[in-house]
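Trainee: Protein sequence lines, in the order shown, are assigned to chains Z and U. In this text, residue positions in the first sequence follow my numbering: the first is 1, and each later residue adds one. In this text, residue positions in the second sequence follow my numbering: the first is 1, and each later residue adds one.
Worth flagging that the hints you see were computed from the coordinates, not collected in a lab.
Heads up, simulated DSSO-like pairs for lysine-lysine below, C-alpha to C-alpha not over 30 angstroms straight-line:
no.	chain 1	residue 1	chain 2	residue 2
1	Z	17	Z	64
2	Z	128	Z	173
3	Z	17	U	14
4	Z	61	U	14
5	Z	141	Z	196
6	Z	192	Z	130
Listed next, with one range per pair, are the computed distances between beta-carbon atoms:
no.	chain 1	residue 1	chain 2	residue 2	range
7	U	128	Z	354	29 to 35 angstroms
8	U	132	Z	354	35 to 41 angstroms
9	U	103	Z	471	49 to 55 angstroms
10	Z	270	U	103	55 to 61 angstroms
11	Z	457	U	28	58 to 64 angstroms
12	U	140	Z	423	48 to 54 angstroms
13	Z	102	U	191	33 to 39 angstroms
14	Z	20	U	170	31 to 37 angstroms
15	Z	298	U	269	48 to 54 angstroms
16	U	125	Z	106	30 to 36 angstroms
To give a feel for the contact side, a few chain U residues facing chain Z, derived at Cβ under 8 angstroms:
no.	residue
17	178
18	179
19	180
20	182
21	183
22	184
23	185
24	186
25	187
26	188
27	189
28	198
29	201
30	202
No residue lacks a Cβ here, since even glycine has one placed at the ideal position from N, Cα and C.
So you can see what is in the structure, the chains are spelled out below.
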Amino acid sequence: MSDTVLQINNLSVALPKGADRSHAIEQISLSIQRGKTLCVVGESGSGKSVMATAVMGLLAKELKADGGEILLLGEALLKAPQTRLRELRGQAMGMVFQEPMTALNPVMRCGDQVDELLATHTDWSSEKRKAEVLRVFESVKLPDPLRMYSSFPHQLSGGQRQRIVIAMAVILKPALLICDEPTTALDVTTQKEILKLISQLQAEQGCAVLFITHDMGVVAEIADDVLVMNQGRAVESGTCEQVLKQARETYTQTLLAAVPSMTPPPPRPEAQGAAILKGTAVTKTYVSRDWLGRGHETHALKAASVAVRAGETIGIVGESGSGKSTLARCLIRLIDPTAGEIHWADHEIATLSESQLRPLRSHVQVVFQDPNRSLNPRRTVGQSIVEGAINFGMSADKARQLSETLMQQVRLPVESLSRYPTQFSGGQRQRLAIARALACEPKVLVADEAVSALDVSVQAQILTLLREIQSRLGLGMLFITHDLRVAAQLCDHVIVMHQGEIVEAGRTADLYASPQHAYTRKLFEAAPPAIF
Amino acid sequence: MNNLQRLWANGSVKFGVVVLGTMILVALLAPFLGTVDPSAMDSNFINKAVGVSGQFALLDGSTVQHTFWLGTDSFGRDLYSRVVYGARVSLGVGACTAVLALVLGGGMGMLAGYFRTVDAVLMRFMDGLMAIPAILLAIALVAALGATISTVVVAIAIPEVPRVTRLVRSLVLSLREEPFVEAARALATPTHIILFRHILPNALAPLIVQGTFVAASAVLTEAILSFLGLGLPPDIPTWGNIMAEGRVQFSQYPGNVLYPALFLVPTVLAVNLLGDGLRDVLDPKFARRGA
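In isolation and in its complexed conformation, chain U is listed as follows (with noise of 0.2 angstroms):
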């Protein structure tokens, strides 16, 4: 059996695919799923309940025949509409902090796991941003830079890096003892490549794991940096920001609050599963015996 079939037969990746693809494909396709413009406002359609329809007036100033499938905001806007163009933001939030983090924190894992010298001083100053509440750091960050996608992307990476810099410096300090390094050594292998081609591909497996983590808490990072006013700009639809407007009404109208919830969390599910799923199969320690 190879590797992607016994991926396939692990019951949480298989979830996690479902799910996390399905989300990916509604954020990707978001214009065809009967939505209109997430930003249009329209003052006659202010808190509508759910399947309420109408003419409603995009930003351009034409009208529209549309079906409110979740009802409207506070704004007017279409609830249904922002939710599904929000996954676009908070999938891409997610996969872009994981990325991040993971090529910040695993050069510098490979660096602090393969020279003794920076070892020390890096791993010191790795400890010193692991002291600070990771979410209090972002909070710092996005005031320090202003909320923009790619500050927001990078106030969340940078707590995570720290993490990601232990597991990749543990990983190597085992990978380099190894004989196929030494073998490398002795064969005149230059260091780059002996940290590129002989312990990065080994080390690997976890990583990929710890970026699904990463990216889990990303998701759900943003929307806590959003529904406290401090992440993006309230017109960029987020999930977070969604749910951060319509928390002021939320007695009247649970729904704005609910609606995005009812995506963020299978979300977050997902990828934390199929984090779990990937380290069953791919983790040795976690392989059962005779598999």
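Chain Z with its partners taken away, still in its complex shape (with noise of 0.2 angstroms):
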């Protein structure tokens, strides 16, 4: 028997008419073998996801393989029959999705669920699947297997469902592993637990890898092989030391670059003067009763203290559920918080009401994470980055006037200005909240992590536009993120936030050179390691 698990020849998927490109994905070649891992890299639209749901004979019925041939342990796959698809999938290749709580059945129990596909496969008794069910869960690390069988998907962390999902895939000991960004939803932490889970089963079961992935911190962590994808075609391939180290294709070159460094740059001179904003132990609990009056706390955030000057940039970094976007809304007070003060400049806002607030809002802008909800589709872009300005008495030509200067400063052409949010790419719609959040003249720029949706060559693009935008205007900025690297390139000062507090604070050259706080460090040792 030969090695050779997965042999994809010339692949191509068609897409149907009226896409903006003919196929999703051309002409793919790879090949794994038994025990190692393919990385297959690129940014979103570049058809790895398709190649993956084609081997698993899962492809959308608009899109169709015209060309090429799958072949998983010598089996022609293109040509099976639906029944024999169903038979290999889970027998002989399992996968792993992206977010494992819409890969779960919200209404089954995480035991039942893997239990299903053992019935399905195999005529073993029922007490002889649930021991299997346990030891794989066992296997997959997951605490106390007893009670993960009888729990709801919701009732288990995002860490611990994926491990469900993966137990799900391998419990079959299938001989091809897809996962399609399994860790991409996950904190770094858990990423780092479900890396290294991934990688003690394959050395367990021999299976191949095939890793869909965009991070290429993932990728030097797990790969044997890569496969570079841009546009639906292979860039570039080989050994993972290969492709990281020595790229041939200058796409690859670009991507590589476009991944920032843990190492923060030479520190910039201290920002003089008085903040422009400050929040003093600003708190946010939440109640919840339950039916008989009982309250229930959530302390969502514990006495925060945060200040920002003007030009400087004041870095909040965690997990999710560490409170940092609580403080960020607390401190633009989209939320009312508990107790502490805020101040915009020398107003104290804490407890202003709405109409109060109103006048004073042009000092403090925000740019949301998710670029697709973040501008109002009915709206053309000319109405949506005007309106603050036009809130603040601005004349309708004058408004007109400014949002073609914005539209220059955020490098879009000014004649898509009559256009709709929809029309536009991920990164230029995040150009356009930026231009919309400078309409009004802010003094503060607060950015929700405003680059973590996006493309690593189109986060590289928008954090410069955000440091050029700061130092000609004067901006302070205080910037939410989950990646260490990027807080490392664009951060002065960096907080470290961890379940509503601040566990540590200080200039990101000390703090990155040596984090005090235990969970500081914990946090950066599960950074994916350097590239280079």
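Reassemble the complex: the two chains are provided individually, in unrelated frames, and hints are given to aid placement.
Mentor: Written out as structure tokens, the structure is:
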């Protein structure tokens, strides 16, 4: 028996008419040996997920494989009938998806979902199946397998859910494990554990892994071989070492160069002057009441203090649920803090009503994470970006001139002002959101995970734009991110948050050189390794 | 493909638009479709069969040569003219009810969804309204207000209001958390502009769909009210009234019930299919992948 588990030869998948290109993937070839990991890297729209679904035989019906072949252990999958594919899925190939919450059935107990696979593919008794499920739960390092067996997906954490999905993928010991961005939705510390788990399982079971990711750090951590894709075509392939260290193609080089470094640049001179945005002991407590009226308190934010001066960038880093977004929202008064003081320049605004707040709103502006949802889809971008300026009394004529200036500032064509947000790419929409924030001449810009949803090359462009705008306008910036690399490159000071509390704060260079708090150190260890 | 093309590509929408369009044309062009005054009655032509023709006496005393395509009723009125003119009232009631229910329900839904304090009070009131069967509530309202076209519209619209309110409220609850609404708040946009410029346009698609269902059920409810003798006065030709009068002698002259039904059924079907189709195309939850 040969050692090649998956062999793809010149695979092409056609897109329906009217799409932006004729093929989702074109002439892709690859092969994976037993016990090896092939990472497919590319930005969004590169066709990497289409390839994974083609292998699984799960292509959407608008998509059609119109050339090439897929061989799994020598068997041609494209010609195989649905019944055969169904047998192979689970038994010969397992898949791990990006978002574990949607990959699991929310109304079925986790154990039953895994058991269902065994019931379909084996003729074992129910006792034997349950024992096997519990054994696999143990092997994917789920704590307390019995409790997990009878839990519903929503009762588990994101990492635990992903372990359940992995358990489903590996329980029948498939020869091929396909992982489609399995750690993208997870925190960095959880990501580290999941990656470790996947390589352990691979060592135990000897399966081949097809690992799809956009993250060069993850590639460096687990890949044996790498295939770089762009716009549906293979750009470069080779061993991990070759591709990451001696990239031949310019596209690969730009992709690698766009990954921010963990080493902060030389510090800028300390900003002088009074704080233009200051939060003192800001606290947010949510109270939920049960049907007897008994209150249950959730401390989202515990007495956090932060100050931003003109011209400096303060980074807030932490994992999901650490309270960093809650802090930002309190500071711009999108939610009301339970306690604490907030100053916009000289105004104490923590307890002002919305109507008292409105005249002061131009002081602080915000850019959100999701570029698809941060612009009203029913208004033209021209209307959207000058909304603030018009609210503060600018005439329509002046506003139009302003919108043209702003478009130039964020490097977008002025002619596109009359278009709608859906006609722009994610990166362009984020530029529009920045333009809109700048329209009412704020003193402070709050960026809440503003580059997290973007591809790494687009991310680099937006970061450059933010830096440029900051130095031109002397803005203070509060930059919230979960990405330590981005924070290292952009921020003068970094605040680390964990479970609603600030655990450490300091100048970026100092904090990255010698993190003091145990949690900060854990966070730094979990970050994917340096590539170069 | 733009939205209109996508709508037209949907079979349900196409069927709905064609049938409903025909009905609307019939209603608008009623005087030119070989009809006579629908209230004119001639004792010489009581319960005549389909296709009978003769000199028909109009209300002003003049006579006119007329063929009764669908026969006449027990008062000697031309059934064809009554059904065609009835389309005006029935469609009008349907459309006005839908608009009224959407405006009232939409307004209250936006208030309840956006202002948490209003929500508690308003929604309990709506829950109370929903506990009363729609047709009973409509009957009670007509009884209290008297039966004219406008009161019938109000009486049919009010039981529909809670459903629309709930729909709009749930839409607003999710839309108000959207980043573009939060960004508008950060830009000091006044609340009424947030509601009408940022929230309402994005809630419009499901609202239009709901409107078609309200219109369809309003046409039916009007017919039911008239059929029960609680709706519009019998001299106003509506499909429900015609059927109500035909009910008494249904065994001898079934046409008096069946002919208006031949108009009523496709109309309601068309409006419902139109709503289904609109929902399939406009609601992202039903949008197919890659579409």
